[in-house]
Amino acid sequence: MAEIAQLIQDASQAHRAGDLAKAMTLYRQVLELDPQRAIVWSMLAQCFAQLNHFERAAETFHKAIALDPGQFLYRFFCAQSLRRLGRIDDAIEQLRESIRLRPDHLESHDQLCRLLAQAGRADELTAANAALQAALPQTQADAERLGDELARTRRSREALLCYRKAREIGPPSAGLLVKLGEALINARDLEAAWHAFREALELDPDVPGAAAHLVSLSERLNRLDDARWYAGAALDRDPENTDLNLALAKIDRREGTLPVARARLEKLIRSPRITSRWVYANVVNELAMTLDAMGLYQEAYERFAESQNVLAQRQEARRFPLAEYPAWLRHVRQSLSAEQVAGWKPPPQLDPANAPIFFVGFPRSGTTLLERMLAAHPRLIATDEAGLLPDLMNKAKAFIGDQVLFPQNLDYLDPDQITQLRRTYLADAQSHLGIEESSGKRIVDKLPLNIARLAAVRRIFPEAKVLVAIRDPRDVVLSCFFQVFGPNHAMVHFHTLESTVNLYTEVMSLWLRQREILGLDFMQTRYEDLIADPSEHARSVVRWLGESWDDAVLRYQESTTQAQINTPSYQAVASPIHGRARGRWRNYAWHLDPHLPKLEPFIREFGYEAR
1267 MAEIAQLIQD
1277 ASQAHRAGDL
1287 AKAMTLYRQV
1297 LELDPQRAIV
1307 WSMLAQCFAQ
1317 LNHFERAAET
1327 FHKAIALDPG
1337 QFLYRFFCAQ
1347 SLRRLGRIDD
1357 AIEQLRESIR
1367 LRPDHLESHD
1377 QLCRLLAQAG
1387 RADELTAANA
1397 ALQAALPQTQ
1407 ADAERLGDEL
1417 ARTRRSREAL
1427 LCYRKAREIG
1437 PPSAGLLVKL
1447 GEALINARDL
1457 EAAWHAFREA
1467 LELDPDVPGA
1477 AAHLVSLSER
1487 LNRLDDARWY
1497 AGAALDRDPE
1507 NTDLNLALAK
1517 IDRREGTLPV
1527 ARARLEKLIR
1537 SPRITSRWVY
1547 ANVVNELAMT
1557 LDAMGLYQEA
1567 YERFAESQNV
1577 LAQRQEARRF
1587 PLAEYPAWLR
1597 HVRQSLSAEQ
1607 VAGWKPPPQL
1617 DPANAPIFFV
1627 GFPRSGTTLL
1637 ERMLAAHPRL
1647 IATDEAGLLP
1657 DLMNKAKAFI
1667 GDQVLFPQNL
1677 DYLDPDQITQ
1687 LRRTYLADAQ
1697 SHLGIEESSG
1707 KRIVDKLPLN
1717 IARLAAVRRI
1727 FPEAKVLVAI
1737 RDPRDVVLSC
1747 FFQVFGPNHA
1757 MVHFHTLEST
1767 VNLYTEVMSL
1777 WLRQREILGL
1787 DFMQTRYEDL
1797 IADPSEHARS
1807 VVRWLGESWD
1817 DAVLRYQEST
1827 TQAQINTPSY
1837 QAVASPIHGR
1847 ARGRWRNYAW
1857 HLDPHLPKLE
1867 PFIREFGYEA
1877 R
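Here the sequence shown is numbered in this note's numbering, starting from 1267 and rising by one per residue.
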């Protein structure tokens, strides 16, 4: 028994540290000694789920359930894996049993409501929503207290449910409204968050956090007059506030008062209040943007490099090995062959008008502007980088398994499995977008780096249209280097100009290979052509998509001013179309010169002048 206890302790420690391979080895050793330990089967299943091996996770959770059928959490976690596999009915049954065992478990109620909505089971959804409301605390203090606990443990959806319930029960305090606003930001509902913070300030102008959030959201939603007014009022009470000064500097830059923005940022950068590398990097980056707008390009470049260096030092960035993603891209490029594609059995015909439109490219190639224009068309609806295709490929492992790498694993899909995957994709997209299957909307799935997954598009949606954003490679790599991105396998490459160029060459080499052998129905759309003649270029894209023209496409800013745009392009797409970003690389040509040999093949291929 002492040996088993030590193994479990060591396994749990490895699991918490993120060493899943070691944890799984130790969990298996425990189960060899004592296969009746349900909790260990559950922990092993969670490792499978964290590795996106959802089929094996579901199987392993079922072993835990068989040993301890009264433990509601095993059923709840099992439902998550079943959901990711597209087995919605099975997931619903597990959640119902979880709720029977633990009626106050909000996550089970919330997940059940979402899955019933996705499955279109309206009568059951009504009853499930009523049960969810009954499970929430029935006094304002209790609802707020539980929301705080859930927020601390990063269970943001359930925290939002509690804060909303607390607000419904009685008149809210300013502090509750701030918590509600922060939960709404986590839920990516910026408009509702803006109103929550404004109401909080109306109740108490000194409530902590509300002013900074409101100013930041006003700038984010392109309400610059509101942002400046609220910032001015708040700075009267707290002149050294970091968030307020950063937001006001962004407004100064956007409105052209560049010396004021520079002075504010240079003072802010020395502030002892900045203790976070993330905040410091954002302040330095904004200073670099201001120096760039002033034409001080050498100083700007040095600040951009400083910002990226700080980002690279963060623990979150060091979790992603630089060699991993380029190696995967090379594997995909070298593995794809015309013979493989020719061997794919065609799935049942899907009406092209119902097939999604995939909009891809290298980041910072102009996808957001054109996506906003297309989203203004009454027949089209955009996903705003929802990650639907990567999720679908994880679900495909239910059929393929996880032993065969992409893209070879696509060979193992049969027509019936592809039909099920298409249904799953469309159901997920409709759930994400809040639309019904009968809405008649065509989905524009814009996620730039889906350009590396076009073999999956060709296999699962051969009827789909594929838009590929192209922009001068020199402008693209500089723009990526000039942005602050959250870390992931791709974005950590933007911490130096050299690694940005290297990633660009890997991604676009893969695109050229896919273009050659996949037989995609694609259109390359050049950013420079779009900004030179927006009307003609947009008309050509809409025509190629097979849709009739609608003037709303050119009035996209009417909806953009109210829209949430989750990319660094939120400022640009709310402004009149201009060509200031075209040829921006010339201001930094001396930094790009060492990298031109790698970029020149793509400069020529995509029709740009070498100099």
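Any given hint could be a false lead.
As the list claims (entries may be wrong) - Straight-line C-alpha distance at most 30 Å; calculated DSBU-like pairs for lysine-lysine:
{"id": "1", "residue 1": "1288", "residue 2": "1329"}
{"id": "2", "residue 1": "1663", "residue 2": "1707"}
{"id": "3", "residue 1": "1533", "residue 2": "1611"}
{"id": "4", "residue 1": "1663", "residue 2": "1611"}
{"id": "5", "residue 1": "1288", "residue 2": "1663"}
{"id": "6", "residue 1": "1663", "residue 2": "1329"}
Rather than coming from a laboratory, the hints here were simulated on the basis of the structure.
Bear in mind that the values here come from a model prediction, so they are computed numbers and not experimental data.
Evaluation of the provided hints:
| no. | hint | in the structure |
| --- | --- | --- |
| 1 | 1288 x 1329 | 21 Å, holds |
| 2 | 1663 x 1707 | 29 Å, holds |
| 3 | 1533 x 1611 | 64 Å, violated |
| 4 | 1663 x 1611 | 18 Å, holds |
| 5 | 1288 x 1663 | 23 Å, holds |
| 6 | 1663 x 1329 | 20 Å, holds |
In summary, the structure is inconsistent with hint 3 from the numbered list given earlier, while agreeing with all the others.
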